[in-house]
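*Asks:* Listed below, chain by chain, are the residues.
Number of protein chains: 2
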Amino acid sequence: MDIGSVNYLPYEDFVDVFGNVVEKCPLITAAVWSRRPFSSLADLEASINDFIDSLPESGKEGILRVHPDLTGRDLQSETLTRESREEQVQAGLDTLTTAEVSRMARLNTEYKDHFGFPFVICARMNNKATILRQLEERLRNERTIERACAIDEVKKICHLRLQGLVVPETSNKL
Amino acid sequence: MDIGSVNYLPYEDFVDVFGNVVEKCPLITAAVWSRRPFSSLADLEASINDFIDSLPESGKEGILRVHPDLTGRDLQSETLTRESREEQVQAGLDTLTTAEVSRMARLNTEYKDHFGFPFVICARMNNKATILRQLEERLRNERTIERACAIDEVKKICHLRLQGLVVPETSNKL
Numbered sequence: 001m002d003i004g005s006v007n008y009l010p011y012e013d014f015v016d017v018f019g020n021v022v023e024k025c026p027l028i029t030a031a032v033w034s035r036r037p038f039s040s041l042a043d044l045e046a047s048i049n050d051f052i053d054s055l056p057e058s059g060k061e062g063i064l065r066v067h068p069d070l071t072g073r074d075l076q077s078e079t080l081t082r083e084s085r086e087e088q089v090q091a092g093l094d095t096l097t098t099a100e101v102s103r104m105a106r107l108n109t110e111y112k113d114h115f116g117f118p119f120v121i122c123a124r125m126n127n128k129a130t131i132l133r134q135l136e137e138r139l140r141n142e143r144t145i146e147r148a149c150a151i152d153e154v155k156k157i158c159h160l161r162l163q164g165l166v167v168p169e170t171s172n173k174l
Numbered sequence: 001m002d003i004g005s006v007n008y009l010p011y012e013d014f015v016d017v018f019g020n021v022v023e024k025c026p027l028i029t030a031a032v033w034s035r036r037p038f039s040s041l042a043d044l045e046a047s048i049n050d051f052i053d054s055l056p057e058s059g060k061e062g063i064l065r066v067h068p069d070l071t072g073r074d075l076q077s078e079t080l081t082r083e084s085r086e087e088q089v090q091a092g093l094d095t096l097t098t099a100e101v102s103r104m105a106r107l108n109t110e111y112k113d114h115f116g117f118p119f120v121i122c123a124r125m126n127n128k129a130t131i132l133r134q135l136e137e138r139l140r141n142e143r144t145i146e147r148a149c150a151i152d153e154v155k156k157i158c159h160l161r162l163q164g165l166v167v168p169e170t171s172n173k174l
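First to last, the sequence lines map onto chains A and B. For the first sequence, my numbering gives the first residue as 1, with consecutive numbering after it. For the second sequence, my numbering gives the first residue as 1, with consecutive numbering after it.
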C-alpha cells in the first residue's frame, strides 16, 4: 500500500491496518486519522510521534503498561499480538536457555517493581545478549530519563511496523 | 471487588480488570493507574474522566473511532467486545426489524460521513426508539458540540461498566 492509498482509507480500514503500530493502542492510530492527508510515510510517522509527545506523562506510562513483558507469560502462553511475537522470535527470545529465562524474569520483575511499567525495547534492533545488557543498564536510570528512553523504543518499534505496511517513497519511484 | 482491593492491584491486573471501561482503550486505564490510591469508586471514575478531558481533540475523536457501529457489522458477525454486545442486546438492538436495521444503517453511514467518527450512545440508558431518535437529532449538531456530546456518552458507558466491577461504598457499609 502506498501513501496515496492510505489517505483514501475510511477510519475503520485505517485502524484495521495501522491499529497496532503502537502496541495495543488503536486510540493513537484512530486519533491520527484526523491529520490526513499525509504527504509521506514519514509524515504519518511524525503525526503518531507528535500525538505520543502530546500525552501527559501518565499517558506515556499507559502506553508502556499495555506492552507485554519480554519473554514473559504472553510469549509462553502464545497470547502475544502477532507483531510482538514475530519481533520477540526474530530477536531469539523464544530460544533462551533456562538460565537466561530465569535471569530475564528476575530482571523484568525488578524493573517493573522499580518503575511501575514493563521494560520496552525494540527487539528487532537487538538480540538476546544486547537486550539483557540494556535491561540491566536501564534499571539504573533515573525514572524520568527511563520513561523517555522507553518511549523512544516505542517509536522505533512503530517505525519498523509502519515500514512493513506502507511502501516507502523511494520504492514507489522504481 | 472494593476500592481497597483495587488499590493493591499491580498494573497488569488493573488493566485486565478495567482495561475496557472505555471501549478498546486500555491505554487510558493503564495511564490512570499512576493516580492510585483512589479514595473511592467516584475518585477512580473522576481520574478516568480527567484523563479523557486532558487529551487533544484528535484524541477524543480517536476514542470515538475505536467504538463499534450500533447494530453494525460487529453485532452481526459477533466480533463485539463482551461489554458492547451485552449493552446493545440490553437495549434491544439485536431484535430490530429489517426496516429498522436499514434505517439505522443509513443513519449511521450518514453520521460517519458527516462527522468522521461513529455515533456513540450509552445503550443501557436508552432503548431502540430513543436511540434512533437521538441519532437523527444529533446528526444536526454542530461538529464541536457533537464531539462533546459523544464523549459524554463514553463517560456514561464507563460509569456503568465501573459500577459492575467495583462495589459502591454504600454497599460496603452493609
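Simulated from the structure, these hints should not be mistaken for laboratory data. Check before you lean on any hint, since a few could be wrong.
Where chains are identical, the list cannot tell them apart; a pair therefore holds if satisfied intra-copy or between any two copies.
As the list claims (entries may be wrong) - Computed cross-link-like contacts, EDC-like style, restricted to lysine to aspartate or glutamate with a CA-CA straight-line distance of at most 20 Å:
hint	residue 1	residue 2
1	K112	E45
2	K155	D69
3	K112	D13
4	K128	D50
5	K128	D43
6	K112	E83
7	K112	D2
8	K128	D13
9	K112	E86
10	K112	E12
11	K155	E78
12	K128	D53
13	K156	D113
*Asks:* So which hints don't hold here, by number, going up?
*Replies:* Structure breaks hints 1, 4, 5, 6, 7, 8, 9, 11, 12 and 13.
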